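Sequences are here, hints too, so could you generate the full structure?
In the order they appear, the protein sequences are chains A, B, C, D and E.
Here the first sequence is numbered in the working numbering, starting from 1298 and rising by one per residue.
Here the second sequence is numbered in the working numbering, starting from 1123 and rising by one per residue.
Here the third sequence is numbered in the working numbering, starting from 211 and rising by one per residue.
Here the fourth sequence is numbered in the working numbering, starting from 8 and rising by one per residue.
Here the fifth sequence is numbered in the working numbering, starting from 11 and rising by one per residue.
Since the hints were derived computationally from the structure, they do not count as laboratory data.
Hints may be right or wrong, so weigh each one.
[Said to hold, decoys possible] Below, computed lysine-lysine pairings styled on DSBU-like, alpha-carbon distance capped at 35 angstroms:
| # | chain 1 | residue 1 | chain 2 | residue 2 |
| --- | --- | --- | --- | --- |
| 1 | E | Lys284 | A | Lys1860 |
| 2 | D | Lys97 | C | Lys292 |
| 3 | B | Lys1559 | E | Lys416 |
| 4 | B | Lys1156 | D | Lys97 |
| 5 | A | Lys1497 | E | Lys496 |
| 6 | B | Lys1479 | E | Lys117 |
| 7 | E | Lys117 | B | Lys1555 |
| 8 | E | Lys481 | A | Lys1366 |
| 9 | B | Lys1479 | A | Lys1860 |
| 10 | B | Lys1472 | E | Lys121 |
| 11 | B | Lys1275 | C | Lys374 |
| 12 | C | Lys374 | B | Lys1156 |
| 13 | E | Lys451 | A | Lys1324 |
| 14 | E | Lys121 | B | Lys1559 |
| 15 | B | Lys1559 | E | Lys496 |
| 16 | E | Lys36 | B | Lys1555 |
| 17 | B | Lys1472 | E | Lys36 |
| 18 | B | Lys1555 | E | Lys451 |
| 19 | E | Lys76 | A | Lys1366 |
| 20 | C | Lys327 | B | Lys1219 |
| 21 | B | Lys1158 | D | Lys97 |
| 22 | B | Lys1275 | C | Lys239 |
| 23 | B | Lys1555 | E | Lys121 |
| 24 | A | Lys1497 | E | Lys117 |
| 25 | E | Lys284 | E | Lys76 |
| 26 | C | Lys374 | B | Lys1563 |
| 27 | A | Lys1322 | E | Lys453 |
| 28 | B | Lys1472 | E | Lys117 |
| 29 | A | Lys1366 | E | Lys284 |
| 30 | A | Lys1405 | E | Lys451 |
| 31 | B | Lys1474 | E | Lys117 |
| 32 | A | Lys1322 | E | Lys451 |
| 33 | B | Lys1479 | E | Lys121 |
| 34 | A | Lys1860 | B | Lys1555 |
| 35 | B | Lys1474 | E | Lys36 |
[What the hints assert, rightly or not] Among the chain A residues that face chain B by a calculated CB cut under 8 angstroms, a handful are:
| # | residue |
| --- | --- |
| 36 | Tyr1450 |
| 37 | Leu1906 |
| 38 | Val1929 |
| 39 | Leu1930 |
Computed from a predicted structure; not experimentally measured.
Virtual Cβ for every residue (Gly too), placed ideally from N, Cα, C.
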Amino acid sequence: MVNAAYSLALLPVVGFIVNIFFGSKLKLKGALFSIACIAGSFLCACLLLRHVIAGNSIEQSATWFTCGKYSFSAGLVIDQLTAIMLIVVTLVSLLVQIYSIGYLHGEKNSTRFFAFISLFTFSMLGLVLADNLILVYVFWELVGLCSYLLISYWYNKPSAALAGKKAFITNRIGDAGFFLGIATLFYYLGTANFREIAEKLHHGGFDPHIITIAGILLFCGAIGKSAQFPLHVWLPDAMEGPTPASALIHAATMVAAGVYLTVRSYSVFSAGNFSLQFVSYIGIITSLLAASIALVQNDIKKILAYSTISQLGLMMVALGVGGYTAGVFHLMTHAFFKALLFLCAGAVIHNTGVQDIRQMGGLFGKMKITASTCFIACLAIAGVPPFSGFWSKDEILLAAFNHNKVLYGLSSLVAFMTAFYMFRLYILTFTGKPRDPHLHPHESPKVMTWPLIILASLSAVSGLIGSPLTNHWFSHFIYFHPEHHIEVNYLVMYSSIAVGLLGIAMAWLFYKACPNIPKALAENYKPIYNLLLNKYYIDEIYDTVIVRPFLALTRFSFSFDSKIIDGSVNGTATVTIWISTIKAWIDKYIVDGLVNLTASMVGAIGIVLRRLQSGFIQNYILLIFTSVIIIVLLKLI
Amino acid sequence: MNVAPFIADIKYILPEIILTIAALVILIFSVLIKNKRALAYFSLASLGITLLYVSKTPVITTSLFSGMLVNDSFAAFFKIISIIIALAVILISLEYKEISPNYRGEFYCFILLATTAIMFMGAASNLLMIYLGVEFLSLISYIIAAYWRGNVKSSESGLKYFLIGTACSITMLYGISLLYGLTGSLDLEQINAILYGNTSQPAAISIIILTILIGLGFKIAMVPVHFWCPDVYEGAPTPVTAFFSVGPKIAGFAVLLRFLLTGSIFFYEHWAHLLGILAIITMVVGNLTALSQTNIKRLLAYSSIAHAGYALIGLVIGTHIGQVSLFVYLLTYTVMNLGAFAVVIAVSNKIKSDEIKDYAGLSLHSPYLAAALAVFLLSLAGIPPLAGFIGKFYIFSAAIEEGFITLAIAAVINSVIAAYYYFIVIKTMYLEKPQAKIEIKPAPSLNFALIIALILTLAIGIYPQPILDFVIHTSSIFIP
Amino acid sequence: MWSNYIATSLFYGIAGVIVIFSILSVTLKNIFYSALSLIVALLGIAAIYIYLNAEFLALIQILIYIGAIMTLIIFGIMLTLKISDKTLQQHNKQQGLSFLVSGALAAILILIFIRFKTTEAVSLKAVSLADIGKELLTTYALPFEVISIILLAALIGAVVISSKDM
Amino acid sequence: MIPLHHYLILSALLFCIGLYGVFTRRSAIGILLSLEIMLNAANINFVAFSKFVTPDNPIGQIFVIFTIGVSAAAAVVGLAIIVAIYRNYKTIFVDEINIMKW
Amino acid sequence: MFGLPLLSLIIFLPVLGILILFFIPKAQTSTIRGVSVATTLVTFLLSLLILAHFNTAQPGFQLEEKLSWIPQVNINYHVGVDGLSYSMIFLTALLCFLACFASFSIKDRIKEYFIFYLMLEVGMIGTFLALDLFLFYVFWEITLVPMYFLIGIWGGSRKEYAAIKFFLYTLAGSVFMLLGILALYFNSAPHTFSIVELIAQNSLFPRLFQNIIFAALFFGFAIKVPVFPFHTWLPDAHVEAPTPASVLLAGVLLKMGGYGFFRISYPILPEAAKFFAPAIALLALIGIVYGAFVAMAQTDFKKMVAYSSVSHMGFVMLGLASLNPIGFSGAYLQMFNHGIITGAMFLLVGVLYDRAHTRDLNAFGGLREVVPVFSGMLIFFSLASLGLPGLSGFVSEFLSLLGGFKAFRLFTIISVTGIIVTAGYILFMIQRILLGPLNPKWKSLAEINTREILTLVPLLILTLALGVYPKLILDILNPGLNLILKAIGVAN
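Dropping the structure here:
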């Protein structure tokens, strides 16, 4: 069974190598090859899931390298959490790859895209399989790299290059915190392996203060990667990349890595006394912020990006309030319907060539399958009962309700806003009459629609495994420590359905029934509207507060380096003052003497000494005897 | 009539006698025969014989001529060095055009006489003998400095050298008279016996030491008495400058060492402090003024002042290790300096100018010569695989072993500054474009001297052991 | 006793003559006159030698120093004298400092010589010329030979340097 | 009898007068003269010490003989150089003879 | 292998090459190039042969050779190799061999060029193998003169200034080092220069004495590393040096300083090492952050890579100052990796400069379309230099920071910001050169040719191999590092 795990990880690498080196020659065959690889690893994932369901988990590690008495090991662990994640990653990656054959049909050499996608899948699988924090850190940055490569895939677009750089650097900031967290844990607990950390913390006897700091530092990594509040600015810009890439990376898998890390090292968070609250506070701030911005965005991909940020925020809230299972469950369901939404958006953009939803309208007639699958996804994300979104969101609200009423209230507000902006999007793009005459949308080809259909069915069905119908099989499958089962609270369930339906109704009222309400609202609440439209001006704040002064500082340090340090070391600065004062007197000799000399201080004294050599014999003799007199006087005194 | 001892001592000063006779023979023949090269070969032959004789005879330390000279390995060391210098100078000046053909014979005679003068100074242990040796060497130096009669600069350098030289030697004479007055004897041993430990008249002793220091300092171009050095080096014909930079300098150190070490009449601890300061000032002045020089002979002049400063450190240290380092330094300094001057002669024979900018691009059209000069300059700067480094290394290790940390640090900083102006020359040779495209072929004799100097510089640098054995042996007689 | 008194006063007279004439020779504008005043000073010094019962030295002083060297110098003056030289300023500008330096040196030396203590011995027999001759040829034989070579070298050098043809 | 230090004072005076002459005389021969004065000062010293310090052994006097010899040689060489300078520079004023400086 | 003195052979083989070159007339450039490539190749093969003979597990020096050189002063020609020096020898031989290929772009005075080039190699290999302080100092200075000429004659516009500045800086440092060595010599019991004996008696030196000597040696080594205040020679020397010279300068010469710390300063003067550790850590921190900041503001490609070297070498000093096994392994590995990565970066800069004749970053744009293979290589090595996991740069930086974290928590936290800024300026560089719209001027830019690719492939393989499986080299380094740690008296 272990070699299934190895083959699972290594197949995408094979796909990557084939596509990178022989991509230009293989053209389409290269893409098919990488899809085959991903399909292979998906099968292995299913095998492993069956193996894990059968109750046994795999754990293997070998020493990576040693320095002195510390030895660093690298290995893989497959337990329930990993199995679920493997399925999610490989499945979504497979579907996205199939979809992108159609999407990138026109591209010149699209094999590079497939190469990066398979490299990304490899690193994501590695991240999920890794058994210790250091290995996670390794794949963590590799995943960041792939997102950089994919965002700046269309390299001749300057905005894509900028967005890629911004994504990588923001991730790097998070990674810096992540590293410090690993270092604290490594020294304080003596190990980076998850299982050992959990056992050690379980025994207790550790100063909770340090563990809290370690937890918060680890969470910094998650903030960076999952685009939580302070470091969320890169995700909306990451939409520059091709939509299938966004679907896979910026919706389903990579952004979920932050959540996965928090889940995987949950023992650290629970041991610390303040870290869980910290996680929930960050989570709720992010989701509120993102949801409010999404209300007014007009670019279809930006809306989905902000919705991802807010859904992730919700997952963080779930983890923060102790809803370990709820978080993971929402992560899984969200991966499916958010990937689906992105692929629909991709299809829409691919066919209409425009991203602004105000220009779209009435596409339902032309793109039946895309519209219908998108409708299912909207229902799921809004939390309408039979669909997966309802079950996972309900569990989160339940966990929040049990833990802290305020969080519960805010989360349901977020649920309401989510429902509202999703259906605003749906109504504006698909229903009503087409606003832009010269758009001529048409249904996307088979290869794109089939993944949509599969994803739609998944987002419909996947919620059931956590629902009471299968008596909460999911919470028995993934749980933290004592397997406590929270009983269903019907009040919370009904209120979440009500909130969802209210959101849909409002959207229908605003955009279907009387379209002038949004404009009216926008007019009289001008400042708030602009605030939201410009994303609370966070980008601008960052730019003025951090980026611009930073660049100024680099320019200053460069001038400081070349003028002060360089100058003072070989005396150029001070010498210029020296020479100017005695310029007239020794001008001729300075000019030709110094033409190739660096005019260092040493040189200047040399010139003065040289002047002593006046050529007059009697000067010399006089100087000799004066020095004799001086020496004698010195000697006598 | 106790004439016998006088005759018995003659066999000890045979080398000096051979050279004087050779000089006289050259004098006579220079009038009779026309081709001057025969004279040169004759002088080389005589030098060769004396060298063989000196290196063969075992050294028995006795005092000769009732205390006038002392024949010991110290004197033998200086005999060998002075003969080597004379050989090199004659070889270098064979092709030198500026020395007018009809006075070339006298030139060789003077070089031989100068060598005998240095030998006497090396061996003198009597104040009178020291004074005569110094005067003899100075007189010959004034003559050969002004040897290039047509040239304005040469006669000016001769005049400057004469006037300042005589002034300093008369001051030394005055000091010797006072020393004689104080002790009533001219023999160094007796003077030391009398003066040792008696500090009755500090002022008188100070004046005596100072005046003698002025006289000898003049020879090694120490700081207060270094002013003549650049002008004379620039003016005198280049082979003469080559001789000045090594001959008198080493003789000066010989006498200073003899004074310092036969007995601490200099009340050693009393004066080490002053000599140390003078050494540092000499180094600093030599190096700093050299930075802005444009004429290569003046640059080498200032560099020789700086090297006198380094050698002084060896002197200041005074213990056995200090002496050994001084000898090693003088030996390596001689080899490098003569080599450098040989190249300068080869170039000035062709380009007729000593300005540094005329050396531009030398490496392109005569790579061998440029490489040789580069090696010598690097060795002067003290870069490891070469002889100069061994000299500097010994001086630094002596300084550190005896705890003269400030001296060591001053020397170290100075050697960095020195590297700068040596590199100005290397830079012009290698990094700049040449104006004129002239291929410089050095004369065979000059070439021969150059190759020997090059081989010696590299050999001492890479495997200094044989040289060290030779030096340790000679300086072993002074156990302070 | 009386002759003794005259001798000492005569000594101070001669010393005064020497000092005055050497100052004159240093300060006189006309180089020829300063040479002559130097000759007078040298004669005074010869007299001093007699006082120090070094008669032979006095003889040498007069014969060689004045006879040979001073005549040579006067020849030199004649060779290089230009008519215009007489009127020119004979002293360069650094008089002030040089007077200070030489004065200081004089003061230091005199200070030392006043307190100069040395082993003053008294001997019966005066040093005769024969002793000097014997010493010259026995203990100082080597310097004797060396001084001869020096004079020879100086001779040749003078010929080489000042000969006319190039 | 004239005490020793009177002679020494005389020689010191002479030495310094000679020195002053060397500093200030402009003509080369003038300097030569002053050098002769300084030399004689030293000779006086020698003879005085020979009489007072080593009366029975004429070291000082012999030394003076040699110094006179050397000064003769020096004077000869000096004058030769001065003549050569005169031929090249047409002047023997020392402060005009400095082509080589710095 | 049949008793050949392997170490002396590898040191003096280039000398043989120089002798052969002397007799080849200046005109036959191809034979000159052939001979020099052959010499560097054989030297590289020799280094592999040494590896074959080298037993990695056994700590201490192997293949030792000892000949008395100057018995008077107890100086002897004593060479030996252990894990630390072997890795540096391998790096030197490899870079020399690859840079020799890159030297084919040198067109004028080729014979002199290769003579200086081989002389440089002698000095470098000698420094790493010398076990006698005097011999170490001699080889240390031998590298100065050829590098001066390489920069001076074949350099860029301000070559003279850069060459003399490089020379004087290093000379000033090495001269003080000489004083330190001499002081060590005179204070060791039986007056010895041998490093092994000095380490054995390092407990005898009194504390104050150790501090003074450490300061003197620090001055010499810090200039070479370069540590913060003494780094100003590096950008000038790099920018003006021809490509192969700057590859060797960055790849090997900087490592001599670090090697000096590991081999001489730390084991012989343990108390001083502990005493100065915070100061060195602070300088390292400044080096990392300041170097990265200044690199960010550069418009000249080569100068940017030069300043990035200052920043990367800051990690070496941080690891060094941490005085624990992780920090030490990280520091030494960083030296090795930095040599390979920056060597490759400079080769790439050379490739670009040979074609575009400008190094101004803003003059490029969108080259990815025109030269995909070159941009692939550039991206690979840039990512390696910004410390992307999976490549060697990451392992060493991670270990240095981890080691540093244990010793100096606050300094390391600030240094971690360094890796963020590093990512910043490297991606900024990639963006300006490769991404964005194609600058029409470079439409006809020639793709990287096979010769240049061949020089880069070995480095690429090494970076990847050491990144994925660093055990390969860490096992070679560990015995040596543990020995040093034991000498310092740090709990292993």
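Taking the hints in turn, this is what the structure says about them:
1. Lys284/E / Lys1860/A: Since the Cα atoms of Lys284/E and Lys1860/A sit roughly 34 angstroms apart, the hinted pair holds (cutoff 35 angstroms).
2. Lys97/D / Lys292/C: 9 angstroms, holds
3. Lys1559/B / Lys416/E: The hint is violated at about 65 angstroms.
4. Lys1156/B / Lys97/D: 33 angstroms, holds
5. Lys1497/A / Lys496/E: 31 angstroms, holds
6. Lys1479/B / Lys117/E: 26 angstroms, holds
7. Lys117/E / Lys1555/B: 16 angstroms, holds
8. Lys481/E / Lys1366/A: 14 angstroms, holds
9. Lys1479/B / Lys1860/A: Holds: Lys1479/B and Lys1860/A sit about 30 angstroms apart, inside 35 angstroms.
10. Lys1472/B / Lys121/E: Roughly 26 angstroms between the alpha carbons, so the hint for Lys1472/B and Lys121/E holds.
11. Lys1275/B / Lys374/C: Cα-Cα ~18 angstroms, so holds.
12. Lys374/C / Lys1156/B: Status holds; Cα separation ~19 angstroms.
13. Lys451/E / Lys1324/A: Between Lys451/E and Lys1324/A the Cα gap is close to 30 angstroms, so the pair holds against 35 angstroms.
14. Lys121/E / Lys1559/B: 20 angstroms, holds
15. Lys1559/B / Lys496/E: Status violated; Cα separation ~63 angstroms.
16. Lys36/E / Lys1555/B: 18 angstroms, holds
17. Lys1472/B / Lys36/E: Holds: Lys1472/B and Lys36/E sit about 24 angstroms apart, inside 35 angstroms.
18. Lys1555/B / Lys451/E: Satisfied, since the Cα-Cα distance of roughly 33 angstroms is no more than 35 angstroms.
19. Lys76/E / Lys1366/A: Holds, at about 34 angstroms.
20. Lys327/C / Lys1219/B: Between Lys327/C and Lys1219/B the Cα gap is close to 58 angstroms, so the pair fails against 35 angstroms, i.e. violated.
21. Lys1158/B / Lys97/D: 32 angstroms, holds
22. Lys1275/B / Lys239/C: The given pair, whose Cα atoms are some 28 angstroms apart, holds under the 35 angstroms limit.
23. Lys1555/B / Lys121/E: Given that 35 angstroms is the threshold and the Cα spacing comes to 18 angstroms, the pair holds.
24. Lys1497/A / Lys117/E: The given pair, whose Cα atoms are some 66 angstroms apart, is violated under the 35 angstroms limit.
25. Lys284/E / Lys76/E: Holds, because 32 angstroms separates the two Cα atoms, which is no more than 35 angstroms.
26. Lys374/C / Lys1563/B: Distance of about 34 angstroms is within 35 angstroms: holds.
27. Lys1322/A / Lys453/E: Between Lys1322/A and Lys453/E the Cα gap is close to 23 angstroms, so the pair holds against 35 angstroms.
28. Lys1472/B / Lys117/E: 30 angstroms, holds
29. Lys1366/A / Lys284/E: OK: Lys1366/A and Lys284/E at ~21 angstroms, within 35 angstroms.
30. Lys1405/A / Lys451/E: 23 angstroms, holds
31. Lys1474/B / Lys117/E: 33 angstroms, holds
32. Lys1322/A / Lys451/E: 29 angstroms, holds
33. Lys1479/B / Lys121/E: 25 angstroms, holds
34. Lys1860/A / Lys1555/B: With Cα atoms ~31 angstroms apart, Lys1860/A and Lys1555/B stay inside 35 angstroms; holds.
35. Lys1474/B / Lys36/E: Roughly 29 angstroms between the alpha carbons, so the hint for Lys1474/B and Lys36/E holds.
36. Tyr1450: With a closest approach of 49 angstroms, the Tyr1450/A hint is violated.
37. Leu1906: With a minimum Cβ separation of about 4 angstroms from chain B (threshold 8 angstroms), the hint on Leu1906/A holds.
38. Val1929: 6 angstroms, holds
39. Leu1930: Violated: closest Cβ of chain B sits about 10 angstroms from Leu1930/A, beyond 8 angstroms.
Violation of the numbered hints given earlier is confined to hints 3, 15, 20, 24, 36 and 39; the remaining hints are satisfied by the structure.
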